[in-house]
Amino acid sequence: MFRLEGRTSTPAWFNLALPLIAIVATLILCSGLIAIAGAGVADAYGVMLSASLGDSYAITETLVRAAPMIFTGLAVAIAFRAKFWNIGAEGQLLAGAVASCFVGAIPMPGYVAMLLMALAGAAAGAIVALVPATLRIKFKVDDVVSSLLLNSVIYYALMALIEGPWKDSFSGYPISPPIEDSADFPVLIEGTRLHVGVIAALIAAPLCWFLIARSTLGFRIRVTGENPEAARYGGINVQRVLTSAALLSGALAGLAGVGEVGGVHFQVMSDISPGYGYSGIVVAMLARLNPLGVVPAAIFLAAVMTGAEAMSRATGVPAFLSDVIQGTALLAMLVALLFTAYRIRRVGAS
Amino acid sequence: MSAVFEQIFQIGFLAAIIRIATPLAFATLGEMFSERAGVLNLGIEGIMLLCAMAGFTAASLSGSLWLGVLAAVLVGALMGALHAFFTVALGLSQHVCGIGVTLFSSGLAYFLYRLIFGQQSVPPSIDGFKPVPIPLLSDIPVLGPAVFNQFTLVYLAIIAVPLAAFVLYRTPWGLSVRMVGENPRAADSAGVSVIATRFQAVILGGALMGLAGAFLTMAQFNAFTFGVVSGRGWVAIALVVFGRWDPWRSAGAALLFAFVDALQLRMQASGLGHIPYEAFLMLPFIFTIVAMAFMSRNAVAPSALLKPFRREER
Numbered sequence: 001m002f003r004l005e006g007r008t009s010t011p012a013w014f015n016l017a018l019p020l021i022a023i024v025a026t027l028i029l030c031s032g033l034i035a036i037a038g039a040g041v042a043d044a045y046g047v048m049l050s051a052s053l054g055d056s057y058a059i060t061e062t063l064v065r066a067a068p069m070i071f072t073g074l075a076v077a078i079a080f081r082a083k084f085w086n087i088g089a090e091g092q093l094l095a096g097a098v099a100s101c102f103v104g105a106i107p108m109p110g111y112v113a114m115l116l117m118a119l120a121g122a123a124a125g126a127i128v129a130l131v132p133a134t135l136r137i138k139f140k141v142d143d144v145v146s147s148l149l150l151n152s153v154i155y156y157a158l159m160a161l162i163e164g165p166w167k168d169s170f171s172g173y174p175i176s177p178p179i180e181d182s183a184d185f186p187v188l189i190e191g192t193r194l195h196v197g198v199i200a201a202l203i204a205a206p207l208c209w210f211l212i213a214r215s216t217l218g219f220r221i222r223v224t225g226e227n228p229e230a231a232r233y234g235g236i237n238v239q240r241v242l243t244s245a246a247l248l249s250g251a252l253a254g255l256a257g258v259g260e261v262g263g264v265h266f267q268v269m270s271d272i273s274p275g276y277g278y279s280g281i282v283v284a285m286l287a288r289l290n291p292l293g294v295v296p297a298a299i300f301l302a303a304v305m306t307g308a309e310a311m312s313r314a315t316g317v318p319a320f321l322s323d324v325i326q327g328t329a330l331l332a333m334l335v336a337l338l339f340t341a342y343r344i345r346r347v348g349a350s
Numbered sequence: 001m002s003a004v005f006e007q008i009f010q011i012g013f014l015a016a017i018i019r020i021a022t023p024l025a026f027a028t029l030g031e032m033f034s035e036r037a038g039v040l041n042l043g044i045e046g047i048m049l050l051c052a053m054a055g056f057t058a059a060s061l062s063g064s065l066w067l068g069v070l071a072a073v074l075v076g077a078l079m080g081a082l083h084a085f086f087t088v089a090l091g092l093s094q095h096v097c098g099i100g101v102t103l104f105s106s107g108l109a110y111f112l113y114r115l116i117f118g119q120q121s122v123p124p125s126i127d128g129f130k131p132v133p134i135p136l137l138s139d140i141p142v143l144g145p146a147v148f149n150q151f152t153l154v155y156l157a158i159i160a161v162p163l164a165a166f167v168l169y170r171t172p173w174g175l176s177v178r179m180v181g182e183n184p185r186a187a188d189s190a191g192v193s194v195i196a197t198r199f200q201a202v203i204l205g206g207a208l209m210g211l212a213g214a215f216l217t218m219a220q221f222n223a224f225t226f227g228v229v230s231g232r233g234w235v236a237i238a239l240v241v242f243g244r245w246d247p248w249r250s251a252g253a254a255l256l257f258a259f260v261d262a263l264q265l266r267m268q269a270s271g272l273g274h275i276p277y278e279a280f281l282m283l284p285f286i287f288t289i290v291a292m293a294f295m296s297r298n299a300v301a302p303s304a305l306l307k308p309f310r311r312e313e314r
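Chains as they are written, first to last, in my numbering: chain X, 1 to 350; chain E, 1 to 314.
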């Protein structure tokens, strides 16, 4: 007989083992879909791997794709730590993209433009995140619902802008005018798309880790998330902590949009984000809400996305497999997390 | 003023409200059953999409619309069971599982749709449901053509509301659902299986979400597109709060939302052409957020919502 037994502490190697178990389980489960699509499982995964991590150019492409998910993953991790259920990273990303694109279209020296774009994008994302936080604090509106609904509002607002007053008069397509050439983020390696924003994302992760693990605000965020009653009792202004977490989370999600405008697309279009905001939730959960874990988790999802496109071209398996993998990985990770609360013990038949 | 008044009471406008409200009513009732039993189902958006796809596919392959509806309901129930497995049996976070179910279901819907239908420049469509006038009732002025000359699924939604209220408030099973949602400990002591009841409620909820998805692809649009649900699931979650977890009020909330949605569609169509239509599409969502701000203060959710139940933990 086996029995589930409560567990109070978990060994350190769990942090690495659990996401790996979840990812392996996910790939095994999703191999069924590859088989249904009539392709060889080993072939398909092989193409995915070589197209995303097989050579140095592929790696830079994967990193470029990982950057926005590092930012949205950090945004979600910090929000969820405070139990502020920010599902609105997608909308905050779009707001950040729009704001930074506005700023980037103003002629000014490159580095000034980059800095101002980042500030504007972060501010826009923070303002959007402030809405569900304020609605929750002042009106007890469920933050999940309001942040989700806000995603639709922001998306339609963006569409209205690029279909209307902000439409690029040069191309006539529903896209915004491009930013100034001087505002394009510098590319680090000639011949690739690896831009400065990717480095910014890689630096942001340890900074966020320091903030959560070592700073006073981080301590308050953690206590508020784990036990708001105790936090209140301990003299922490819970509402203020929630607001800070929301601002921080929104700013990070906004920066994801800044990188996409400054480093990848140089303008705003309707499909500037293929759901990076929602992917941030998967990333944050795979990372167990640890900012340092966000980087490998985001790189994994980016590799899946980049690889899925190549796999689709080579084998005909629809690239939407990467969406299924994301959802499955999230669910598998949640199940794997059960091992942190319980352990399976063999007990003699009684 | 009178011009506006006339426009509002046009028969076509009333009929549009009823049509827009139908999938929302199914989805809202589904979410309500789930939440009354203590389980938030954020998988609703993805479940509706997957069911919309499943229903469309089954109908277009078999040629039978009702087989499509059946497929959508079964897939919805199955996805409800999946969500219940994670949140009820395993007791995992309802928030994150729901997002997981939505990501998984929508990914699966896109994947299977592309696999079955390939990439076509014009999305394949089906000959969807046709309005079925009800004899005598459809002859009533104004109300008749708007309410009683509709799709069969619309009539089903109209029946579903009192039926849901009856099941929830007047049957032993409904009592069990309310008990496990309010006080699972007491329900358990009274001999009600908390786990089984929650499973049943979430599965029933999923089946209703399936009907919502089926309506979208087989009556409203007659085709499957990736944006066919476009936030209607999230709206349904808000409508449950707005409707205070009550079938009648939830249906009323769905009608109110449908009114705003039909109004913005009219505004799009009327001479405000210089404003991009997306500006109008935002309105129902903004309306819902504002309405939530007014309603949430006094809204009392089922006490055990979001709380997993484990018998051995006392």
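Since the hints were made in silico from the structure, they are not lab data.
From the three backbone atoms N, C-alpha and C, an ideal C-beta is built for every residue, glycine too.
Among the hints, erroneous ones may be present.
The calculated label-pair distances, taken between Cβ atoms and stated as ranges, are [unchecked claim]:
#1 Arg232(X) - Leu67(E): 54 to 60 Å
#2 Ala341(X) - Ser193(E): 42 to 48 Å
#3 Pro274(X) - Trp248(E): 36 to 42 Å
#4 Phe166(E) - Leu202(X): 57 to 63 Å
#5 Thr225(E) - Leu207(X): 38 to 44 Å
#6 Phe117(E) - Leu338(X): 49 to 55 Å
#7 Arg346(X) - Phe117(E): 47 to 53 Å
#8 Pro107(X) - Trp248(E): 57 to 63 Å
#9 Gly91(E) - Val112(X): 19 to 25 Å
#10 Lys83(X) - Leu156(E): 35 to 41 Å
#11 Thr225(E) - Asn15(X): 40 to 46 Å
#12 Gly91(E) - Ser9(X): 43 to 49 Å
- Query: So which hints don't hold here, by number, going up?
  - Reply: Hints 2, 6, 9 and 12 contradicted; others consistent.
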